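**Student:** Chain by chain, the residues:
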Amino acid sequence: MKISSHPESWMQVREAGLYCVPADAYIDPTAEVPRAIITHGHADHARSGHGHVWATPETIEIMKTRAYLSAETGETKLTYGTRHDLGGGVTLWFASAGHILGSAQAVFEYQGKRVVAAGDFKRHPDPTCAPFEVVPCDVFITEATFALPVFQHPPLEVEVQKLLRSLATLPERTHIVGVYALGKCQRVMKTLRLAGYEPPFYLHGALRKLTELYEGYGQDFGAWEMVSDIPRKDKHIFQGKIVLCPPAQINDRWSRRFESPLPTVASGWMQIRARARQKRAEMALVVSDHADWGDLIRTCKQTKAPDVWITHGRVEALEYALRKEGINAKGLNLIGLEEEGGS
Amino acid sequence: MEAFSQLLDDLYFTNSTLAKEAILSTYLRATPDPDRGWALAAIAGTLSFDMFKRNLIKTLMSERMDPYLFDLSRHYVGEMSETVALAWPQSSDPVRLNRLPDLHEVIAEFQSRDRAGIRAYLITLLDNMTPAQRWALLKLGTRGLRIGMSARTVKTTIAKMADVEIGVIEELWHGLEPPYESLFAWIDGRAEMPDISQVLTYSPVMLAHPLDEDKDLARLAPGTHQAEWKWDGIRVQLAAMNGEVKIFSRTGDDVSHSFPDLAGAADFEAVLDGELLVKPGDEIGSFNQLQKRLGKKKPAKKLMTDLPAHLMAYDILSLDGRSLKSETLTDRRKLLTTLIAGQDPNRFSLSKTLEWTDAAHLRRLREDAARSNGMIEGLMIKDKSSPYIAGRPKHQWYKWKRDPFLLDAVLMYAQRGTGKRSSFYSDYTFGLWSDAEDGKLLPIGKAYFGFTDEELKLLDSWIRSHKLQKFGPVQEVTKELVFEVAFDSAHESARHKSGYALRFPRIHRIRWDKPAREADRIEAVRALVGK
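Read top to bottom, the protein sequences are chains A and B. Under the working numbering, the first residue of the first sequence carries the number 1, and numbering increases by one thereafter. Under the working numbering, the first residue of the second sequence carries the number 1001, and numbering increases by one thereafter.
Simulated from the structure, these hints should not be mistaken for lab results. There may be inaccurate statements among the hints.
Have a look at the derived ranges for each label pair, beta carbon to beta carbon [what the hints assert, rightly or not]: (1) B:1101 / A:48: 55 to 63 Å; (2) B:1189 / A:170: 27 to 35 Å; (3) A:230 / B:1235: 39 to 47 Å; (4) B:1474 / A:232: 46 to 54 Å; (5) A:48 / B:1465: 57 to 65 Å; (6) B:1363 / A:170: 54 to 62 Å.
Just a sample of chain A residues kept apart from chain B, beta carbon distances all over 12 Å, derived [said to hold, decoys possible]: (7) 206; (8) 222; (9) 248; (10) 316.
In this text the structure is predicted, and so the values were computed from the model without any measurement. Every residue gets a Cβ at the ideal spot worked out from N, C-alpha and C, and that includes glycine.
Take these sequences, add in the hints, and give me the full structure.
**Tutor:** This is the structure:
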């Protein structure tokens, strides 16, 4: 088969996801494949069972921690900006995506054209990962998780103040904050420290390994302890303090060990009231790892890409808005990427 | 306004009723008049005016935002006010306020301004507010507040603050008006309890428990209990005093303006409890006919002549200024019988008591109700010695509805829900096969309840993986899933392609196992309801 230089012909959607034809490699595939390029460590992007994996060193470490890599898996670690010959005439390099530690945009260069698969990304400042880098390109492949005008993420500092105010006014309540183990947990802790919160954090077991991994990369979260290390009878210790756990645990049996718990969810979805109620949260912190509406459009324009392909999320809205800007946008209808997870 | 917005947020995000009561009473104690009274009215749903129309909000948004993006957003969020609150695009040259006005200032401003003034003021407020404050304003201004706090909980809170039984507040409530300054003066200990004896007001009604066939049937005997038809009209309370007549709905709304023909015919001083029906000739009209009279704020003369409003009375709460609530049902009924006998029989009739001998007889009567063409939905069985007690006292009144009708219908379209269910596909349109055997499904109804939260999740994911076309917010699905649909009655309808509309359709069971081609045909409706 003759492959022309137009990206449509060499970057395609297959059943397992986005596929770079000349390099015979998938990007964040949803099934086990021989050659996989992984943008970041969230479970809907990084999976186990691939033959060979290309990713940033941080992402490789995260995948190891989560047991996504076995002894048989080949790995190629590429730091941001390192150019790599992927074979078939394709050059691959990673640019930071600002989503979580190690998150990357995969940049493909082939026959003079450049395609950037951004993975998940955000533009709001995050003290726990490198900021998003704009890479000019011919085709920009973006997510659209929060692609509706109702999503205008407030600064994290403002959201964290809500939590600090509540701790001051309700010192008898145990503030249980539901956060994803990878990224959200560490970002919330770090932002709280920067806002001057000093007591130790109390962590659910599921958050330990990844927090230690972040610390291995030089992140400092101050003092934190495992909830399970504190004797059950000493539950007063948690009152007026912050306990962090996966979101599903805030109203689960696990949280019944605490005195007068105040279930809180930190997620981009919390902007919609009914979502917070669905989770039975009593406090909703709008904390998102994704670009909001304004940032999505701004970013697409900054890449100067004449073509934008949209992977998942609110595809219709972003496609429509970009076309109004004169950008040739289209939805790829990728399935398997979590609609409302990672957030 | 900041405090009010904070109050709504706190209430919205609090789960326990007790905690909600604590939040509300703390606010009511800490906030001066008249703001607290207006806040109470907003939460209890007793504001009598819109500060601005929903249409104005829509117009403002259509001027500021792409309508397609707005629609996508609204369907995603599940409701308009929150969508506007979140997506409000700031004016290019906004008027900046040094502080947000107090709640009563906001209300007074909106009430004193003309249309252009209301528009300008609304824009200024929205430009100066956070999303949460905008939400509070939009909900307040259009009286669309739903924060999971019932009127009952509000009254309980007030009763606790005043240190009285809730019954005292129930009696008082409908005689008071926002911003409730006399109520708060009494709660604060600065004044006596407000006197409402000269106010024509709604008295909370007595309600029935569903009859539990296993436990309750044995309690009943013709000597101690009377049976009546349960009419499928509109429960109302008609109150007449000093030449003034008011008709209240079951929830205490004044609906007199919709039924001036009935109100004008009342020639007595009494408070009656009964069923509002229409009586176009000698017979009671159908539900279809009654529906034409509902929701009309100023009914046309012709409509009132064609479909005169009628009260089927079954109880009397007071007569000539004397409360009868503590009398027995038998004694009240004697007085009611005499009163009705002196009224225009086209306007007032007495709900007749049914002869019955034993439980088997009652059961047969209940089955007769199913053949009444829908206007009788079952039996009411009342303890003859019962006083008239507001609320739902135990073992006094029973309702025994006939069984619902059942049909197997095929899911055709789904729509996302609102509120707690926003983003879930929770509204379902279903259809029956046409009689013509042409393989066409004809939509017959829509239901959004009858299933558990677990089933909702399953249905939602089924729909997501069986999508066909999308028509705006309406998602068409492959015609594969069968619902057993329960409904109370059916009537002919030109609006539905099937020719029928169902009353109170709900999902009775999800028939995951049943092939769609085995679902019912339209003729099944005809067979069931006998027309």
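**Student:** Each hint: holds or not?
**Tutor:** Checked hints:
{"no.": "1", "hint": "B:1101 / A:48: 55 to 63 Å", "in the structure": "holds (59 Å)"}
{"no.": "2", "hint": "B:1189 / A:170: 27 to 35 Å", "in the structure": "holds (29 Å)"}
{"no.": "3", "hint": "A:230 / B:1235: 39 to 47 Å", "in the structure": "violated (57 Å)"}
{"no.": "4", "hint": "B:1474 / A:232: 46 to 54 Å", "in the structure": "holds (52 Å)"}
{"no.": "5", "hint": "A:48 / B:1465: 57 to 65 Å", "in the structure": "violated (25 Å)"}
{"no.": "6", "hint": "B:1363 / A:170: 54 to 62 Å", "in the structure": "holds (56 Å)"}
{"no.": "7", "hint": "206", "in the structure": "holds (23 Å)"}
{"no.": "8", "hint": "222", "in the structure": "holds (28 Å)"}
{"no.": "9", "hint": "248", "in the structure": "holds (14 Å)"}
{"no.": "10", "hint": "316", "in the structure": "violated (6 Å)"}
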